[in-house]
Every structure is written in structure tokens, then in C-alpha cells.
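Enquirer: Below, each chain spelled out in residue letters.
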Amino acid sequence: MYVMFAIRVPTKLTRNPRGVIALSLTVASLLLSSCATRVEVEGSFPAALTHKLPLRSVVVFDEAFANHRFENTQGQEVSIDVGEIQVELFTGLATSLFQHSVTATSMPTLPKADLILKPTVEDVQISMPNESQLKVFEVWIKYNLQVFDATGEPVADWIMTAYGKTPTRFLKSNTAALQQASMVAMRDAGAHFITRFARVPEIQQWLHHRSTSTASTTDSTLP
Amino acid sequence: MKRLISLLVMTLLLSLSACTTTTVDEYRENSTALTLKNGERVVVLGRRHYADYETEPDFIDCIGDKLEADKKISVLPEKEFSDLLYPWFEPRTAPLGLKRLAKMLDEPLIAQRFKEQGLHYMIWIDGSTETTDKDGSVSCAVVPGGGGCFGFATWEKTGTYEAIIWDLQKLEESGRVKVEAQGSSYMVAIILPIPIVAQVQDQACSGIGQQLRTFFKGHRASDAS
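Chains as they are written, first to last, in my numbering: chain A, 1 to 223; chain B, 224 to 448.
Don't read these hints as lab results, they were simulated from the structure.
Any given hint could turn out to be false.
[Said to hold, decoys possible] Interface residues of chain B toward chain A, partial, derived using beta-carbon atoms under 10 Å:
no., residue
1, Asn253
2, Ala274
3, Tyr309
4, Arg336
5, Leu394
6, Glu396
7, Gly398
Computed from a prediction, not measured in an experiment: that's the story for all the values here.
Beta carbons are placed, not taken as given, at the ideal position from N, Cα and C, and that holds for glycine.
Whole structure, please, built from the sequences with the hints as guidance.
Expert: Shown next as C-alpha cells:
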């Protein structure tokens, strides 16, 4: 099924040079506005249903992370602003997973914490139905979650991927669909973080080492 | 005379509605009706883990509305459920089988949340509505004096869904309902485009919703007698 459109321009307008410029600008702006998709991801996340780890954490959101914007200039122009929402996501996740959590904008020196988390965005990819031939909008986000101990020594570089998709719907705009798919991807990142954090081998080892050293310290203080 | 003709044409076009064929199959574990005690609820969830499609959220809401139609079955909305149980029922983490659900319910935090919400049955819906065929074309033109469209287009949609009922107390499957709805839509354009759309997804929802209701006590022919 094909639907075609045509616009006929009055010849009076094309004879006047000013008219031609005005017409060109109008058509150009119309085309640009119809092609560009700008999404500022907004929403909220529920508190995670999980046991809290007996740890104090500092989550570092640097400027690049807090203002991250995905720009796609090849093909259809798409811009997705994920900075603010991902700060909200990771703040909530740390509050749910750790007994005590604070945020910072730069790496702290000698913090009153057991571990420092520094998430960074490695990559964002999107797929639109006109590219994939599937009837879904898809968003992938690759995070690198750097984990440090209280002295700033690296514990783990955890590459965490998140995926979200939403089905196409009649009269649903690209903006609304990408917003929804981004929110699904963020929730997926949260699910990955909560269910896998303590199972990452390096973190698991660090937690084990920490619990045994705490136990031995406690034992040595016994009379 | 012209008025009469246009009135006749309009009446004819309005009376035309595209047809939809719906086939419903069901499977019951046993003939016993499912019971819901006072304060117990049902949750309807969509499967979203496949790469190429996902069960539409509005279809899940539609089934919830059909189940709740006569206020005898209380349904916990999908969004509310997935927020309350976050992150355990996201596409990545949701249990695909009863064994995995049983393991999940071994976790006291999750089991407690289920209990608080009075959940007795979980209904999983898997499927989607797809355009299976399309043909024809419609052209539209806009000129300073006006504009219009001309042409004829047709498209066919098929909705295939399966509902699986899990008993959360016995941790067993209670039944399945499968529905397939097909319908052809048309668009005739003579100056104005006139769409005649088949409500495939709505018909599939009605079919599956009504059938699911018959599983519950108070909705079966045998219960009435």
C-alpha cells in the first residue's frame, strides 16, 4: 500500500526572488523539523525490591555522564538526552542496593565509604523500524561501571548492557516511541545492576575478601 | 435528488465495516472452576522477551478490563505489578516457567509482596497483531485551491495470542486459551479518504477475555445452574 503526497506552488511566488528564498527556507525548515527526532528521556523508577548489602557507597556522576546525549547524524537525525534520567536511575539503584549511599560529581579522596561506583556510557545505539524492517523501536546502552574501594584502588570494570524496545503503533510519533524504548532500556539497566552486581566475579571476590577480613578483625579483637 | 444520492452513499459507507474472523481454542487442566477468595486478585502480564515483537501493553490493559467487566474478578494492573516487583518481572528477569517462578518465590521479599497484593493467579499473554498483507495505493495532492485523494488500498491484519494461567498458590498451570483473529481493512479515496478498518486486536481481546472469564467460578454455564 502506498500513500503519496504532492504540493503545487503558485507561480507568482516563484517569480519573486524574495519569495523563492522565503519558500526555500520554509520548505527546508519543514523538512528538517519533519526528519529530526529529539528526545529528552523523562520518567521515574520504582524502588528496587532487594536486600541491602551492608556497604556504604559513593556514586560518582561526572559531567559527561550527567549530560550525556546520544546524537545520530547518519541517516535520520536523532538526538536522545539520557543524562538526567540515568543519574536518577543510578542514584535510586544505589539507595536500594546499599545500606548507605551518597552521590558526588568527582572522585572523592578518602571518602567515608566502602566502595566508589563510577558509571560511564560506552555506547548508545538505536534502531528504527524503517532501518530494521521490524515493527519495534530499539535502544541499546552500554555502560562501564567502574568500581573502586575506599582507597581508590580499582575493584572491577563491569561492562553492563541494557536493551529496551517498544512496538510501533498507528499515529505514535518516533519521539514517543524512542522515549518509551529508552525508559525500558533504563529499567533493564536497573534490573541488570540489582540482580548481577554481587555476582560479578571481581566484585564477588572483593566482597568475600572483605567479609573474611572483617571476620578475622572481629575475631582478633575477641578476648 | 443530489442530496438523496449523497445521503445514500454516506449511509452505505457508514454501514460498511470490515469483517474480522476470530478463532478461540482453549485447554483446561481439569474441569474445576478457578476460585478467587475475598481480596484475592489476578495479574495479567505480557511477554516481552522476544527480539522481533512484543505483546502490546494496551492489549494487556484491554484483557484486564474484560476480566473486570462485571466486577467479580479483581485485576492488578500490569504497570503497578511490575513497579511493585521491580526488577523481578522485567523482560530480562521475568520467569518463563513455573519452576523458575517457584524459585523466585523462595525469596521471602518477593513472596511477601505477592501475599500483600493478594495475588492468586498470574495470566501470561504472548503474541502480537501483525500486518500480513497489503496492496493498492492512495495518492493525495494539495494545491492552492484545495486538494484531494484518489485510489484504493487494502491491508490484512492477523492477531495471534496465547494466554497461560498460573495458579500461584499451587504453583501449577490451570489452563490455556489461544486466539487467532484475522481481518481485512480498506481505504477508498475519492477526494476524501474513507477508511474501513477491521478491529483485529479488539476482537482478539474480546475473544480471549471472554474465554478467560469462563475459567473462573461464577462465569461458567455449570455455575449458573
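Enquirer: Tell me if B/Gly398 is really an interface residue toward chain A, meaning its C-beta lies closer than 10 Å to one of theirs.
Expert: 27 Å, violated
Enquirer: Hey, does the B/Tyr309 contact hint survive, CB to chain A under 10 Å?
Expert: 4 Å, holds
Enquirer: Was the hint right that B/Arg336 lines chain A, CB cutoff 10 Å?
Expert: 6 Å, holds
Enquirer: Quick one, is the B/Asn253 hint okay against chain A at 10 Å, beta carbons?
Expert: 33 Å, violated
Enquirer: Does the nearest C-beta of chain A fall within a distance shorter than 10 Å of the C-beta of B/Leu394?
Expert: It is violated, given that the least Cβ distance between B/Leu394 and chain A is near 20 Å, above 10 Å.
Enquirer: Hey, does the B/Glu396 contact hint survive, CB to chain A under 10 Å?
Expert: 25 Å, violated
Enquirer: At a threshold of 10 Å, is the proposed contact between B/Ala274 and chain A supported by beta-carbon distances?
Expert: At about 8 Å, which falls below the 10 Å cut-off, the nearest Cβ of chain A leaves the hint on B/Ala274 intact, so it holds.
Going down the numbered hints, you'll see the structure goes against 1, 5, 6 and 7, while the others check out.
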